[in-house]
Every structure is written in structure tokens, then in C-alpha cells.
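Chains as they are written, first to last, in this note's numbering: chain A, 1 to 221; chain B, 1001 to 1196.
If you're looking for bench data, these hints aren't it; they were derived computationally from the structure. No false leads were mixed into what you were given.
Only some residues are given here: those of chain B computed to face chain A with a beta carbon under 7 Å:
hint : residue
1    : T1022
2    : I1027
3    : C1028
4    : F1124
5    : A1183
6    : M1184
The model shown is predicted, which means the values in this text are computed figures rather than measured ones. Ideal Cβ placement from N, Cα and C applies to all residues, glycine included.
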Amino acid sequence: MSNNKQPVCLSCGSGGVCRGRGFLTLKDGAWTNNPLAIQVLGICSALAVTNRLENSLVMGGALIFVCIFSNLFVSLLRNCTPHRIRMIAEVAIIATFVILFDQFLKAFYWDMSKQLGPYVGLIITNCIIMGRAEAFALQNPPVLSIIDGLANGAGYAVVLAIIGFIRELLGTGEVMGHAVLSSEWYTSNQLMILAPGAFFVLGIVIAIFNVMKGPVTEEKK
Amino acid sequence: MSETSAFVILIAAIFTNNILLTNFLGICSFIACSGQIGTALGLGTAVTFVMVTTTMLNFIIYHFVLIPLGLVHLQFIVFIAVIAAFVQFVEMFVERFSPKLYFALGIFLPLITVNCAILGASLFMVIRNYSFVQTVGFGLGAGLGWAVAIILMAGLRQKMRYSNIPEPFQGVPIAMIVTCVLAMAFMGFAGMVSIQ
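Could you put together the complete structure from these sequences and hints?
What follows is the structure, given as C-alpha cells:
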């Protein structure tokens, strides 16, 4: 590939495309265009697994893993994938890594696998991964694509952790299974663990992101 | 296999275990396409149809191909391939034989491939170990439940256009809050019937 001839940038390692473009990609994915809070993609799993912080962290890790590797392989194969079948190729690549992660969970963390249930498999239909493969990895060299996958996965994982933290704290008074709010003065609000709490917390979190970024998103549109 | 009758599963999947409001599946298109009742109705119909047929197909493939061959770990990729292929096929079929229906439903069909509720229904069918009749009941109930939720939401959002919403909440955040209230209302059905 042509990029191999160019010097590799030391600061971001992105095959000489940059002047800090790697960093920009990272910032763009994780913050400016946060897939979950700004673009509102892939919220299904964000709502379903965030009833406990532990589940949210595992799910975030899964998404980072799948996003990095699917981006890498889509990018590596981008010059030899016929345009017409690129979607099905992307789905096959993504599904491969989801299956790997699912098998890993089943082998070593059976309880966690039980708790996440169908939502591990549903990473395949998570629009973030498909979106990044389609919008970024198809046009960019592998190293930059890895960074983009990492950034978007991390951006997703962070918001997931925030929601999981709030819901577990308010819903059970615990964080990662350790009691934080004493049951003497805090009555745990079961609603937070159930479905309505998930919608409510996500709504509030997106609104807070909107406040923080308010004018910027307006200009972009 | 559980002993629950298919009819109970059907009712439960619509009301108490609504796939959208309690399992959070298919939220992306729920948020994106709930602007108008007409659109919601079209998408709801298409989802129900595809959900019933793909759960049936996936049941047959899972029990008669994947299990005998010991390929259960490939279920994700097989299910998603079946769904994508089926949707593509339906699209071509409808376009050829009923152009009218194609214009009403056609634009929603590609969207359905990436609707996680469809894949989710197939995965739930495997996890809950349904029999074939139960699978049909579940697929139909889940599809109808999804349709009911998105149509209700479309009605609410049409009214919401006239209300004065604080700026940071405009768009998606208020939709989530309204969904929260909707989910709470559906919790009122809890205890009527239940599936796991």
C-alpha cells in the first residue's frame, strides 16, 4: 500500500497522514462526536446492560475490542473488497469478533455471560461499529482506523460507565456491589434498575452533554 | 422446554415483556422514525412481518442444522445472514408483485436488517428454549408489541411539537424522557402474565 513509503508520524503513528491527526481522530471519536451522547447511536445496549456498573464496564470493553478489530480488518481489506458486497463483508468481520468475545465470556466468565444474555450477540447490530466501518475504516489506513475504533469504543464505554454508575448507585445504593449509600437513610429506588430508569438517565445524560456542547452542535448543523 | 402456552407468550410479549420498553431493543429506529403516525404504522407492520418469519426460519435452522452439526457458536452470524437475506428477498418480491405495497413499505425494509429487535427476538428464542409454536407466538407478540410502542410514541411526539421544551432537552432527550413515562405506564401490566 502506498502509505508504507511515507514516514510514520512519531506522535500518532498514523502512516504520515497526520500532523497530529491521530490525536484529532481520538478526540473526535471520544469527545466531540461521542457516538452515544452526541450522535445517539447504539443506545439499545446502552440502556439494557447499564443496570449495574460491572455489566456496563464489560459491555464497554467488548465494544472497544470489536470496534478496534473490525475497523482494522475492514481497513486492511478496503482495497480488495468489491463495493457492492462491502456491507455483507463488514457484517461478517464484525460478527467474527463478536463470536470470539462471546466464546471468551462463556469460557471464562459464565455468570457475566448469563447476565448479558442476548446483548453480547446484539453488538453485531450496534450501529456504532457498522457506522465506523462504513464511514471511517473504508477510507483510511489501518493504524488510523485502529485509533478511530479505540476512540469511538472508549467514548461509548465512558458514557456507558456513567449511566451504569448512576443507575446502580440510585437503584441499589451500591457501586460494583459494595454498599455506598447506607440503607439507614437511603431507600433504594428500584425504578432506576428497571426499564423506565434507563430511559430517564440516558435522557438526562444526553441533555447534559447538549448543555456542555450547546453552541458547537448548533453551528455544526 | 417451558410449558407456557403460545397465547400467553403472545400477550406477555406485547404488554408485560414489551421488547422495546423492557428489553430496549430496536430503539435506534424507534427514535428516528417515530415522527409521524403513518411512518410508524408502516415500519411497525414491516417489523412484525419480518420478525415472525425470521424467528420461524431461524428456529428451523437452529434446531435442524446448527445443533445436529454442532455449530451452535456460529448462531450470530447465521441468524444475521438469514435476516439480511430474507429482507433482501422480501424487498425484491414486493417490488416485483406489489409496487403499491413497495412504496408503502419498501423504504423501511433495508432499515429492518439493522434493527436489533429482529436479531434480539431470534436470540431470545434460543435462550428461552421455545418450541416452534411458542416461537411463532413470541415472534408475533414481540413484533406487535414493538409496533404498539412506536405508534404510541409517534402520537405523543406529534402532540409534543406544540409544547415548549427546554432547549437542551429538544430532540432525543425529551424522547427518552417520554419513553420513560411510557415504560412506566406499561409496568402497570406487570403481574398480568409473565414469561421468565
